[in-house]
Amino acid sequence: MSFEEQLRQRLTRAETQMPSAKVSLQETLVGARRGLLVRYALSASAVVLAIAGGAFVANDLLGNDPPAPAPAESPSPQPTPTSTRSDSATEEFADPSLAVPAARAWIEAMGAGDRERAWDLLTAGAKASYDSYADFAADPGLAEGWATWAFAEDVAYHHHSLPSRGPRAVVVVTVAGTRQVEGAAERGAGAMVVHVEEDRALVDPFAGGGGTNIEPVSPLEGGDPFEAGKPMSFEAYVPERPMEIYFFISNRPGPLAPAEMEPVGRRVLARQRLEDSLPPGDYWVTIVASLPDGSVWTRPVEFKVE
Amino acid sequence: MLTRTRDAEFKEFFMAESAALARLGTFLTGDHERGADLAQEALVRTYQHWGRIKEQDPAPYARRVLVNLVRSAHRRKLLERRHPPRSHAVAASRSGDVDEWIRVSEALRALPPIRRAAVVLRFYEDMSEMQIAETLNRPLGTIKSDIHRGLAALRPLLTEETAREAL
Numbered sequence: 000m001s002f003e004e005q006l007r008q009r010l011t012r013a014e015t016q017m018p019s020a021k022v023s024l025q026e027t028l029v030g031a032r033r034g035l036l037v038r039y040a041l042s043a044s045a046v047v048l049a050i051a052g053g054a055f056v057a058n059d060l061l062g063n064d065p066p067a068p069a070p071a072e073s074p075s076p077q078p079t080p081t082s083t084r085s086d087s088a089t090e091e092f093a094d095p096s097l098a099v100p101a102a103r104a105w106i107e108a109m110g111a112g113d114r115e116r117a118w119d120l121l122t123a124g125a126k127a128s129y130d131s132y133a134d135f136a137a138d139p140g141l142a143e144g145w146a147t148w149a150f151a152e153d154v155a156y157h158h159h160s161l162p163s164r165g166p167r168a169v170v171v172v173t174v175a176g177t178r179q180v181e182g183a184a185e186r187g188a189g190a191m192v193v194h195v196e197e198d199r200a201l202v203d204p205f206a207g208g209g210g211t212n213i214e215p216v217s218p219l220e221g222g223d224p225f226e227a228g229k230p231m232s233f234e235a236y237v238p239e240r241p242m243e244i245y246f247f248i249s250n251r252p253g254p255l256a257p258a259e260m261e262p263v264g265r266r267v268l269a270r271q272r273l274e275d276s277l278p279p280g281d282y283w284v285t286i287v288a289s290l291p292d293g294s295v296w297t298r299p300v301e302f303k304v305e
Numbered sequence: 000m001l002t003r004t005r006d007a008e009f010k011e012f013f014m015a016e017s018a019a020l021a022r023l024g025t026f027l028t029g030d031h032e033r034g035a036d037l038a039q040e041a042l043v044r045t046y047q048h049w050g051r052i053k054e055q056d057p058a059p060y061a062r063r064v065l066v067n068l069v070r071s072a073h074r075r076k077l078l079e080r081r082h083p084p085r086s087h088a089v090a091a092s093r094s095g096d097v098d099e100w101i102r103v104s105e106a107l108r109a110l111p112p113i114r115r116a117a118v119v120l121r122f123y124e125d126m127s128e129m130q131i132a133e134t135l136n137r138p139l140g141t142i143k144s145d146i147h148r149g150l151a152a153l154r155p156l157l158t159e160e161t162a163r164e165a166l
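Heads up: the protein sequence lines correspond to chains S and V, in order. Numbering of the first sequence is given in numbering that gives the first Met the number 0, commencing with residue 0 and proceeding in unit increments. Numbering of the second sequence is given in numbering that gives the first Met the number 0, commencing with residue 0 and proceeding in unit increments.
Treat the hints as calculated values from the structure; they're not laboratory data. Do not take every clue at face value.
Keeping only pairs whose Cα atoms sit at most 25 Å apart, straight-line, the calculated BS3-like set for lysine-lysine is [unchecked claim]:
1. S/K303 to S/K229
2. S/K21 to V/K53
3. V/K10 to S/K21
4. V/K53 to V/K10
FRET-style restraints, in silico, Cβ to Cβ [to be verified]:
5. S/E274 to V/A15: 47 to 55 Å
6. V/I101 to S/K21: 18 to 26 Å
7. V/Q130 to S/A184: 15 to 23 Å
8. S/A256 to V/A18: 43 to 51 Å
9. V/A151 to S/A256: 40 to 48 Å
10. V/A109 to S/P18: 17 to 25 Å
11. S/V263 to V/A151: 36 to 44 Å
12. S/A184 to V/T4: 39 to 47 Å
13. S/E14 to V/T4: 27 to 35 Å
14. V/R154 to S/R32: 39 to 47 Å
15. S/S96 to V/K53: 46 to 54 Å
Here's a subset of chain S near chain V, in silico, CB distances under 8 Å, partners left out [claimed, not checked]:
16. F2
17. R12
18. E14
19. E26
20. L28
21. D134
22. V180
Fair warning: this is a prediction, and the values are worked out from it, not measured in the lab. Beta carbons: idealized from backbone N, C-alpha and C, even for Gly.
Please work from the sequences and hints to get the whole structure.
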C-alpha cells in the first residue's frame, strides 16, 4: 500500500478518535451581525469621502455584501509589455535595478530545468523553505508554477522598492503575461521578493505565499473599472497588523507613500489614494505587506481604467 | 426580510458544513477547541460575505478563510494565549482509544500551516489538487509542491512511529 493511501486511512481513523468539536449557530449569527454593523459604518464613512473627493466606490452598503477574495491570478487582459520602475522615496544603498535581471534569470533557469542555477539564485530564507537542495530539485510543482513564466508571452516585469533597511534593497518584482497552465493559455501575474546587497541580487519566489491573506476590496475585487480622469482609491484587508502596506501600480512611475491603515476588528484595512489619475488601459496593482518579522507578502491584482 | 432570507440560506449551509469545518480546523490546529473557534470565525465571515458568494459554492470560501485564520493564528500565536495547548498525554489518559488521533495530529503539527492544509484537504477531504488550488487561492504548481513536500516531511514521522510501535 502506498504511503498516500496509508495516510488517507490514518486520517480517517484519526477523525473517528478526534475529540468532539462543535460550533454554535447562535453564536455565529450574533458575531456575524456585529461585524456587519461595523462594516456598514465604515462604508458610510467611505460615502462621505466619496462626496468630498469623488474618489470612492462604496458598493457594499445596505444589502450588498463586502466582496469575497478573488483568485490571485485571474484570466484577464494584459498590461502593455514594458518594464517600469517606481521607487519609494527612501534612501537606497544597493541598486534595485538588479532585481528584474535576477528575477528573470531565476525564471529562465527554472524554465531550462537548471535547478542548480536556480538554487544558487535563491535567498537563504527561500532555501530554508526546503529541507535540502535535493528536496528543491525534486519538487514537481515548480515546473508547473514559476517555470512556466519562462515560456510566457507578452511578458512584462515591474519592480518596486520597499524602504531601505540598511545596505540591502528589498524589491518586489511582478511578472505578468500569458502562460500555458495545464495546457491552456492563462493570463495572470506572479510576484516575488528580491534582495539586492552590494552587486548581488537573490530572489525569494516563495514570499508571495502569504499574499493569499490579502483581500482586495471593491472596486479591485469586483472587477469594476476605475473612471479615467478622476482620483482613484485602492483598499485591501490584511489579517494582522503589518508595518507598512503599499499598492504598487504597473506603468506608473514615481514614488508612492505607504498606504493608510485602519484597524477593523482583528484585521487591518489599508487604503491608498492617488491624487492623479491613470489613462485608460489595463494595469496591475501589486499589494505588498511588510510584516514586523521581516517577511513580505505580495499579491498582484489586475484592474482596468476606462 | 433580507436578513431572514440570508439567515435561512446560511442556516442550511451551516447545518451541512459546520461539523466538517470544525473537524478540518481540529486537524489544522491539533486542538478541538481551537479548531471549533476558528471554524466559527470562518463561518462568521462566510455569513458576512453571503450575498456575494452564495451563488457560487460557499464551502471552498469558508475553507479558504479557515486556512487563512489558522495561518494567521500560527503566526501570531494568539490562540496559544487564549487556549493554552493541552498535553496530548493527558488526553490519551482519558481514553484508551485515541492513539491514532494523537500520532497523526502530532505529525501534522510538524508541517507549516499551508502545507498541512494542502495535505489534509487532499488526503482527508479527498479534494483534487485543482480544487485545493482554487480553495486556497494558490497556483496549482504551488499546491503540488506543498503536497509533495508535506508528504516528504510526514513519511519519516509516521513511518518511524509505526516502526517503533511494531517493536
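* So which of the earlier hints does this model not fit? -> Hint check: nothing fails, all pass.
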